[in-house]
Amino acid sequence: MLDEIKELPARYPQPRSAVMPALDLAQEELGHLTPEAMSEVAAALELDPGYVEGVATFYSLFHLEPTGKHRFYVCTNLSCALRGANEIVDHLKAAIGVMGPVQVSSDGLFSYEEVECLGACEFAPMMRLDHRYHHDLTEAKIDQVIAERKGRKEEIHLPARRRGASPPRSPGRSVAKPPGGETHVAIEPPLPGPPRKAGRGKRKDA
Amino acid sequence: MPELRGSFGDQPHHILTRWFGTPDLHKLDVYAGKPGGYGALRKALLDMAPAEITNEVKTSGLRGRGGAGFATGTKWSFINRDAPGPKYVVVNADESEPGTSKDRYILENSPHMLVEGILIAAYAVGANQAWVYIRGEYDEPRRMLSEAIEEARAKGYVGPKPFGKEYPVDIRLYRGHGAYICGEETALLESLEGKRAQPRSRPPFPAVKGAWGRPTLLNNVETLATVPWIINNGGAAYAKLGTDKSPGTRLMSVSGNVRKPGVYEVELGQTFRHVIMELAGGVTEGRNLKVFWPGGSSAPVLPASMLDTKTDMEALAAARSMGGSGGVIVMDDQHCVVRAAYRLLQFYAHESCGKCTPCRVGGDWAVRTYERMLANEGSQIDLDTLQRVSDGLQYGRCLCGLGDSAGWVIDSTLRHFREEYEDHALRHECNVGAVTASA
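Line by line, the protein sequences are chains A and B.
If you read the first sequence in our numbering, its first letter stands for residue 1, the second for the next number, and so on.
If you read the second sequence in our numbering, its first letter stands for residue 1001, the second for the next number, and so on.
Just to be clear, a hint being listed does not mean it is correct.
Here are the simulated DSS-like cross-link-like pairs (lysine-lysine), alpha carbons at most 30 Å apart as the crow flies [unchecked claim]: (1) B:Lys1195 - B:Lys1209; (2) A:Lys141 - B:Lys1260; (3) A:Lys6 - B:Lys1195; (4) B:Lys1209 - A:Lys6; (5) B:Lys1209 - B:Lys1240.
It is worth saying that the hints were derived from the structure and are not from the lab.
Kindly produce the complete structure, drawing on both the sequences and the hints.
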């Protein structure tokens, strides 16, 4: 990862622009940004650690605390709140058994965050989960995505694209997988989550 | 194919959305097979001088669709094309104004329309490198735009000799990481440079000293996506649509308590009654319209009695509001205005970058005042405090518009719904039934 980070500055007119893509790589690898990770990123980019931390703390997609393997980003801004987003959050908290956004579910799988407008207001209430938008949320849909991810626990280390290409999951799993879920987006990008060993392909946009 | 909720299909005023809904429109071959698809780029590169392109955009009267509504052609002409050294086109795809989803609608449905617009703009202003700053949460739009750019690269449209013309242009993506303030142009530039996104003081303006200290043209996604149509059909044809001072069409994302939320292409000058009651199917069954935000949460609210206000920027200014980002948030009479304003102030307080004192302090102050009122501990003092905070946030006291926007939420809701505020602050009651806005 550090080697990859060291290659980033050359891609921009000035090297400092590499700081967010670098933090991105670190967060993808580690799940969240530890002080040590930020220091290493700083060293790799020849920047002051305090500067890097200053950038990381400014942007809400950088997490400085551990998150669940699957993090729910539920929009509760006005357009979604007017269509029941707060009730969705209440249901979600109960369903994954957490009191607030800093807490991770006891199995380590889930955490959530109430976020500001995600720019899909015609589909309100909506959320982002595992790099995808989920539309027209209901309590049943929340239950469904949770059940699907609990069922997937053992497959999570497979490279995401391969997983997307082989839809039939191993048979005989006890957790119910309702039909027709996850239909908004054809390709499923990598899942974010805590420590993973396997290296991953470079992001197209980095 | 993304699900379409909004305008598409062949209607006389559909400039942007005419081909939306065509299977695989996001593919270059399909887009290029439509009348004009990449024809505008070809025409611009081979048949037009850069100054002619800029003049055509000036003639069209197109105004920026990001929020400020500045004349696009004029903005282009601020860049000194002959100045030595690199120049940039930076595309603002950091759509994050609450209630606004129109740029996503373009990115997901017709990314090549944007790519073509970027390439034309780059040629017109003399830039060889374009950057698209796209919000981090837009994973799918980013993937689609990235694929579109690669397709255009494979065709040679992005590259050293588009259509055989010696004019190299490259387009790169830069992913944002969750900060509303990055929609503000100078904050976006700071972020692109790898810094905390805090707005710069102007002058110097980005046209002189923008990204990495170089002359930079900054335009919104929808603005640039409109350019190919203007080049294909002429600025004069565009200027015939809409009103004199706000020509053309714009995408309006209608959300909240309506039957058919969606992104609708509207000819400017149509009324909000048309947008909300006809296009979006009217307010949720059995309820009545109470208030709407005509241009994103930052646009001062208009009560139901002002539903016949027109959508052009002049009519909105006369109604003491603005066209903003085109996000129309509709709220019905089952919801409490004070709670809605409270939710929005939470947003502005959270998103303040902290650089300017009125915004950094005023937002939190307002939030705490709303909390006191909603906990039935309010008094006349709180109403006065809100008005004072609102005044303190406005009138250019901050470097960017975020402070003003927060002030406008307070000011406009107080102006139109004073009684509801007094119910909370003075009588410690809420006369609205079901209230679901965050408390």
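To see whether the hints hold, each was checked on the structure:
A hinted pair counts as satisfied when its Cα atoms are at most 30 Å apart, and B:Lys1195 with B:Lys1209 qualifies at roughly 16 Å. The hinted pair formed by A:Lys141 and B:Lys1260 meets the criterion: a straight-line CA distance of about 21 Å does not exceed 30 Å. Annotation: proposed proximity of A:Lys6 to B:Lys1195 holds, straight-line Cα distance about 18 Å (limit 30 Å). Among the hinted pairs, B:Lys1209 with A:Lys6 is consistent with the structure: their alpha-carbon atoms are about 28 Å apart, no more than 30 Å.
For the given pair, B:Lys1209 sits about 35 Å from B:Lys1240 by alpha-carbon distance, which is inconsistent with the 30 Å threshold.
In terms of the numbered hints stated before, the structure departs from hint 5 and from no other.
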